[in-house]
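Number of protein chains: 2
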Amino acid sequence: MTRVAIVGTGMGRFSKDSDEGIESLLVGASKSALDSARNLAGRDIDGVMVSTNAHDSYLGAILAESIGAKPGVAQTVESLCVSGTNALVSGYAHIRAGLADTVLVAGADTFDGPGRVFEWDSSRGDDPRPVMWASRFAESYKTKYGVSDEQTATIAARAHKNARSNPDAYVHNAYTPQQVLDSKLVAPSIRLLECSRACTGSASLILASERVASRYTDSPVWVSGIGQSTLGASMTNNKSFHDIESAGLAATEALRTAGVGASEIDVAEVHDAFSVCEPMIIESIGIAPLGGGAAALCDMYGTSDRMINPRGGIVGAGHPLGATGIAQAVHVARQVAGTADAAQVDSAHIGLVHNMAAAGTSSTVVVLRS
Amino acid sequence: MTRVAIVGTGMGRFSKDSDEGIESLLVGASKSALDSARNLAGRDIDGVMVSTNAHDSYLGAILAESIGAKPGVAQTVESLCVSGTNALVSGYAHIRAGLADTVLVAGADTFDGPGRVFEWDSSRGDDPRPVMWASRFAESYKTKYGVSDEQTATIAARAHKNARSNPDAYVHNAYTPQQVLDSKLVAPSIRLLECSRACTGSASLILASERVASRYTDSPVWVSGIGQSTLGASMTNNKSFHDIESAGLAATEALRTAGVGASEIDVAEVHDAFSVCEPMIIESIGIAPLGGGAAALCDMYGTSDRMINPRGGIVGAGHPLGATGIAQAVHVARQVAGTADAAQVDSAHIGLVHNMAAAGTSSTVVVLRS
Numbered sequence: 614m615t616r617v618a619i620v621g622t623g624m625g626r627f628s629k630d631s632d633e634g635i636e637s638l639l640v641g642a643s644k645s646a647l648d649s650a651r652n653l654a655g656r657d658i659d660g661v662m663v664s665t666n667a668h669d670s671y672l673g674a675i676l677a678e679s680i681g682a683k684p685g686v687a688q689t690v691e692s693l694c695v696s697g698t699n700a701l702v703s704g705y706a707h708i709r710a711g712l713a714d715t716v717l718v719a720g721a722d723t724f725d726g727p728g729r730v731f732e733w734d735s736s737r738g739d740d741p742r743p744v745m746w747a748s749r750f751a752e753s754y755k756t757k758y759g760v761s762d763e764q765t766a767t768i769a770a771r772a773h774k775n776a777r778s779n780p781d782a783y784v785h786n787a788y789t790p791q792q793v794l795d796s797k798l799v800a801p802s803i804r805l806l807e808c809s810r811a812c813t814g815s816a817s818l819i820l821a822s823e824r825v826a827s828r829y830t831d832s833p834v835w836v837s838g839i840g841q842s843t844l845g846a847s848m849t850n851n852k853s854f855h856d857i858e859s860a861g862l863a864a865t866e867a868l869r870t871a872g873v874g875a876s877e878i879d880v881a882e883v884h885d886a887f888s889v890c891e892p893m894i895i896e897s898i899g900i901a902p903l904g905g906g907a908a909a910l911c912d913m914y915g916t917s918d919r920m921i922n923p924r925g926g927i928v929g930a931g932h933p934l935g936a937t938g939i940a941q942a943v944h945v946a947r948q949v950a951g952t953a954d955a956a957q958v959d960s961a962h963i964g965l966v967h968n969m970a971a972a973g974t975s976s977t978v979v980v981l982r983s
Numbered sequence: 614m615t616r617v618a619i620v621g622t623g624m625g626r627f628s629k630d631s632d633e634g635i636e637s638l639l640v641g642a643s644k645s646a647l648d649s650a651r652n653l654a655g656r657d658i659d660g661v662m663v664s665t666n667a668h669d670s671y672l673g674a675i676l677a678e679s680i681g682a683k684p685g686v687a688q689t690v691e692s693l694c695v696s697g698t699n700a701l702v703s704g705y706a707h708i709r710a711g712l713a714d715t716v717l718v719a720g721a722d723t724f725d726g727p728g729r730v731f732e733w734d735s736s737r738g739d740d741p742r743p744v745m746w747a748s749r750f751a752e753s754y755k756t757k758y759g760v761s762d763e764q765t766a767t768i769a770a771r772a773h774k775n776a777r778s779n780p781d782a783y784v785h786n787a788y789t790p791q792q793v794l795d796s797k798l799v800a801p802s803i804r805l806l807e808c809s810r811a812c813t814g815s816a817s818l819i820l821a822s823e824r825v826a827s828r829y830t831d832s833p834v835w836v837s838g839i840g841q842s843t844l845g846a847s848m849t850n851n852k853s854f855h856d857i858e859s860a861g862l863a864a865t866e867a868l869r870t871a872g873v874g875a876s877e878i879d880v881a882e883v884h885d886a887f888s889v890c891e892p893m894i895i896e897s898i899g900i901a902p903l904g905g906g907a908a909a910l911c912d913m914y915g916t917s918d919r920m921i922n923p924r925g926g927i928v929g930a931g932h933p934l935g936a937t938g939i940a941q942a943v944h945v946a947r948q949v950a951g952t953a954d955a956a957q958v959d960s961a962h963i964g965l966v967h968n969m970a971a972a973g974t975s976s977t978v979v980v981l982r983s
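Chains A and B, in that order, are what the protein sequence lines are.
So the mapping is simple: our numbering equals the position in the first sequence, first residue as 1, plus 613.
So the mapping is simple: our numbering equals the position in the second sequence, first residue as 1, plus 613.
Possibly wrong hints are sitting among the right ones.
Note: identical chains are not told apart, hence a pair may lie in one copy or across any two.
Said to hold, decoys possible - Derived lysine-lysine pairs resembling DSS-like cross-links, with alpha carbons at most 27 Å apart: (1) K774 to K797; (2) K852 to K683; (3) K852 to K797.
I should point out that these hints are in silico values taken from the structure, not numbers from a laboratory.
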């Protein structure tokens, strides 16, 4: 079966107040991705996967037409906040299955688009806002492992700091841990500056089979491992609230298929929908020991160690839902290719992307290698 | 690479006046599909692909939870009326790529749901209703090949007649060609009884890798060929209006990968969004010579020859958008397995499904073999 490479990447600037529409966002990032590859035009694309929560129909075909492509497949993939990496995996699967050689994967959402609140899950209680599940997780995690408010505030401050070197992040403010602690308490154990915020944004990447990848780049980034886990749709499918079970299951499979151990990961972007999720995820993935994630991240604050969430994660970079997983993959691909500019991690060869949805009820993990 | 089989099929009754919701529709057809296989429970499902135009979020995970599955991937695939077979192909691709062994593919839409009118395509003129593009195609096709109103009315009458032996069809009225001709002219060259009509409905099937297929059935139906073609999103991407170019491109690829010729097809369900599309598609696919499709279908009227659209096609069975492609595949799978009951075509071993969207701007073709 063919290997699959990322041969092009493109980003749209994340913004809190853009009035750009979904089609325009998708086209912009996709043209950047095409331009980043060598001699790759729209007509060379034979598959299009769109990731969005927007309600527009037939966006795959619209995007194809807009870039001059006449692909085989063109479709939208939706799975709330994990749509981005799921679209990437769908493109990968079509190439591996022999159905395409080049797939454009493009994600976009707007700050006021659908998907920000998931009302179906009545196990969340009367308030379906994401911060309410995050609060449950935060209280459980902090109690279980004796993690303090100061520690999660430091993790948030680190995310905002890393985002300052990410030109596509929606804000570039440095906040101290004390400023995070002083920000509004929006739910028990969750401060405003510990929350990712919906914004407008887009990201695209281009996947290619091994047969054609060398036409388009001299530095392909290989998709070397994939794992996906869906526990259900209700938050009560999580066995506990002090870990992210789906992240652990997906990462185990992704690392197994990549043939690498968690200790070999050089750089990772993980889905810190809220700051407290960041240590929980790196623990569940095996990058930090159980209960040791918060201390590990706090130790990185104030140092040059950017191994985890070098672009600022989702708290720092902003969260345009359908673009998020693709933006994570774009950044990690650039890291392992050595082109991450100011955010570059030294000697990054093996990268990991963790993207999740709906109180961690599903996760997709992708391992990328240079 | 593994072969992929259909090991279970389930249908929900198509209806014009159901008040059932999307989740319930998806679960109903999916439970039927699970029941149709041997010893296959929800927990055995490791991928879920939902096909719908509905705006509900996270339906893949909701369906997984509702049937007791904890799959890897769970997502919605949307591409207007071709969502159904595109979801099937996504499931096939995940299995072929080694990401899953069993994928539930489930489609549903409601009679009043989104996707029935595609307003983005301004090349259609001031009236974006599908009947307006169909009218352009009908006038072009009838003029080009000298096809009469009586012939397309006979094709419609044949669809309604075939649907009488389809227990899931939304109506079971027999109409004579004269009754079709006497029905309301809804656009130039298009009568009301020549139109497919949106309805509520659902369909599900279960795909399995060769490694596990024999656990669940003694009569697997193999997905032996796939082709997909997207010309763009605007109807003006069609080179002409007297054929369905995307159907021809997708069928050529599907037949090539299946290693069979068009003359070897024993039974086919093709996407007759309007009656005039049926001859155009069988010509573009190569089942009938160019300009000879209408005469071929009229010759079948009044005989027992059900080779084309034995379940009544979309004009006869009804068109719950996201369910349509899956319902077509369910029926053709049953045909080649010899379990199509009153609609059974004699000695059907090689079947073809053609599903399309948005004025034929995209098509997916699947070849199924017993």
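A quick look at each hint next to the structure:
Taking the closest pair of Cα atoms, K774 and K797 come within 27 Å of each other only inside a single copy of the chain (19 Å); across copies the shortest separation is 67 Å, beyond that limit. Only between protomers do K852 and K683 lie at most 27 Å apart by alpha-carbon distance; the minimum there is 13 Å, versus 45 Å within a single protomer. Proximity of K852 and K797 under a CA criterion of 27 Å is satisfied in neither setting, with 30 Å inside one chain copy and 59 Å between copies.
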